[in-house]
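Dock chain Z against chain E, hints included.
Protein chains in written order, with this note's numbering: chain E, 1 to 117; chain Z, 1 to 113.
Possibly wrong hints are sitting among the right ones.
To be verified - 30 Å max Cα-Cα, derived BS3-like pairs, lysine-lysine:
#1 E:Lys-41 <-> Z:Lys-36
#2 Z:Lys-70 <-> Z:Lys-56
#3 E:Lys-41 <-> Z:Lys-67
#4 Z:Lys-112 <-> Z:Lys-56
#5 Z:Lys-36 <-> Z:Lys-67
#6 Z:Lys-56 <-> Z:Lys-68
#7 E:Lys-41 <-> Z:Lys-56
#8 E:Lys-20 <-> Z:Lys-112
#9 E:Lys-41 <-> E:Lys-14
#10 E:Lys-55 <-> E:Lys-66
#11 E:Lys-41 <-> Z:Lys-112
#12 E:Lys-20 <-> E:Lys-41
#13 E:Lys-14 <-> E:Lys-64
#14 E:Lys-41 <-> Z:Lys-70
Stated by the list, open to error - If you anchor each label on the Cβ, the simulated ranges turn out as follows:
#15 E:Pro-110 <-> Z:Ser-51: 42 to 52 Å
#16 Z:Ser-27 <-> E:Lys-64: 24 to 34 Å
#17 Z:Arg-75 <-> E:Lys-41: 17 to 27 Å
#18 E:Leu-26 <-> Z:Phe-50: 26 to 36 Å
#19 E:Thr-57 <-> Z:Glu-38: 22 to 32 Å
#20 Z:Arg-13 <-> E:Lys-14: 42 to 52 Å
Source of the hints: derived by calculation from the structure; they are not laboratory data.
From the three backbone atoms N, C-alpha and C, an ideal C-beta is built for every residue, glycine too.
So the chains spell out like this:
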Amino acid sequence: GAVVSQHPSRVICKSGTSVKIECRSLDFQATTMFWYRQFPKQSLMLMATSNEGSKATYEQGVEKDKFLINHASLTLSTLTVTSAHPEDSSFYICSASSGYQIYNEQFFGPGTRLTVL
Amino acid sequence: GEDVEQSLFLSVREGDSSVINCTYTDSSSTYLYWYKQEPGAGLQLLTYIFSNMDMKQDQRLTVLLNKKDKHLSLRIADTQTGDSAIYFCAESIGNNAGNMLTFGGGTRLMVKP
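Excised from the complex, chain E in its bound form (with noise of 0.2 Å):
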């Protein structure tokens, strides 16, 4: 099946700096990338749709100016997480889906955990 890696897959950062997280889809053109966040033991919540070389759809209560999304190519879209905080601390990760699955399949890249000290 199709690949999506992320990178990193795991970082530690202080609060107040900016972390950039990258999800690439390995061999597969992605038109379209979601980014979701997972609290320990809970579901994942969707933060923002991207379609390549147009902004970000962001889901109500998630700030854009906070979760910078770009998806500057077919391949590759990334999450910048701005000024972070210890409540960012989140397990984040990326899905892909191309025009052609004829069951609307998106394939979860392996997250990325980020711990805001």
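Coordinates of chain Z only, in the frame set by chain E:
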């Protein structure tokens, strides 16, 4: 509105069958999915079912869909310790591959030897 619900926890003995249940509210769901998440990892698609199907079987996995009751289940036959994980059901609406998924809260399956 969309709402997908699952029971939080299921414990079975190795070799038994596991049945994980899910209910959803949006009758316009097009596809329904089961994902598996192992500790500290992303999500792995296990299987999916199109909304006009009642059942789908794939090796040890059987998915049953009762569209009238908006109930989805995943049966794992001969459950193994390696099946211990969190299982999420999810739904999507429409036929566009870019449609968002709505996830249930996840069911933690524990398989005892």
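Hints, verified against the model:
1. With a C-alpha separation of about 14 Å, the suggested pair Lys-41 (chain E) and Lys-36 (chain Z) falls inside the 30 Å cut-off, and the hint holds.
2. Between Lys-70 (chain Z) and Lys-56 (chain Z), the direct Cα distance comes to roughly 16 Å. Compliance with the 30 Å bound is thereby established for this hinted pair.
3. Taking the CA atoms of Lys-41 (chain E) and Lys-67 (chain Z), the gap is near 28 Å; set against the 30 Å cutoff, the hint holds.
4. Restraint check for Lys-112 (chain Z) and Lys-56 (chain Z): the C-alpha separation of about 27 Å stays at or below 30 Å, so the hint holds.
5. Between the alpha carbons of Lys-36 (chain Z) and Lys-67 (chain Z) the distance comes to roughly 23 Å, so the proposed pair stays at or under 30 Å and holds.
6. With a C-alpha separation of about 17 Å, the suggested pair Lys-56 (chain Z) and Lys-68 (chain Z) falls inside the 30 Å cut-off, and the hint holds.
7. This hinted pair checks out: Lys-41 (chain E) and Lys-56 (chain Z) have alpha carbons roughly 29 Å apart, not beyond 30 Å.
8. For the proposed pair Lys-20 (chain E) and Lys-112 (chain Z), the alpha carbon gap of about 40 Å is over 30 Å, so the pair is violated.
9. Our distance criterion of 30 Å between C-alpha atoms is met by Lys-41 (chain E) and Lys-14 (chain E), whose separation comes to about 24 Å.
10. A distance of roughly 15 Å separates the Cα atoms of Lys-55 (chain E) and Lys-66 (chain E); the hinted pair therefore holds under the 30 Å criterion.
11. Between the alpha carbons of Lys-41 (chain E) and Lys-112 (chain Z) the distance comes to roughly 20 Å, so the proposed pair stays at or under 30 Å and holds.
12. For the suggested pair Lys-20 (chain E) and Lys-41 (chain E), the alpha carbons sit about 24 Å apart, so the restraint of at most 30 Å is met.
13. Taking the CA atoms of Lys-14 (chain E) and Lys-64 (chain E), the gap is about 21 Å. The hint holds against a cut of 30 Å.
14. Between Lys-41 (chain E) and Lys-70 (chain Z) the CA atoms are separated by roughly 25 Å; this keeps the pair inside 30 Å, and the hint holds.
15. At roughly 29 Å, the beta carbons of Pro-110 (chain E) and Ser-51 (chain Z) sit outside the given window of 42 to 52 Å.
16. Judged by the Cβ atoms, the range 24 to 34 Å given for Ser-27 (chain Z) and Lys-64 (chain E) holds: they are separated by roughly 32 Å.
17. For Arg-75 (chain Z) and Lys-41 (chain E), the hinted distance range of 17 to 27 Å is satisfied, since their beta carbons lie about 24 Å from each other.
18. A C-beta distance of roughly 27 Å is found between Leu-26 (chain E) and Phe-50 (chain Z), which places it inside the suggested range of 26 to 36 Å.
19. Separated by about 30 Å at the C-beta atoms, Thr-57 (chain E) and Glu-38 (chain Z) satisfy the suggested range of 22 to 32 Å.
20. Between Arg-13 (chain Z) and Lys-14 (chain E), the C-beta spacing of about 47 Å keeps the proposed range 42 to 52 Å intact.
When held up to the earlier numbered hints, the structure conflicts with 8, 15 and fits the remainder.
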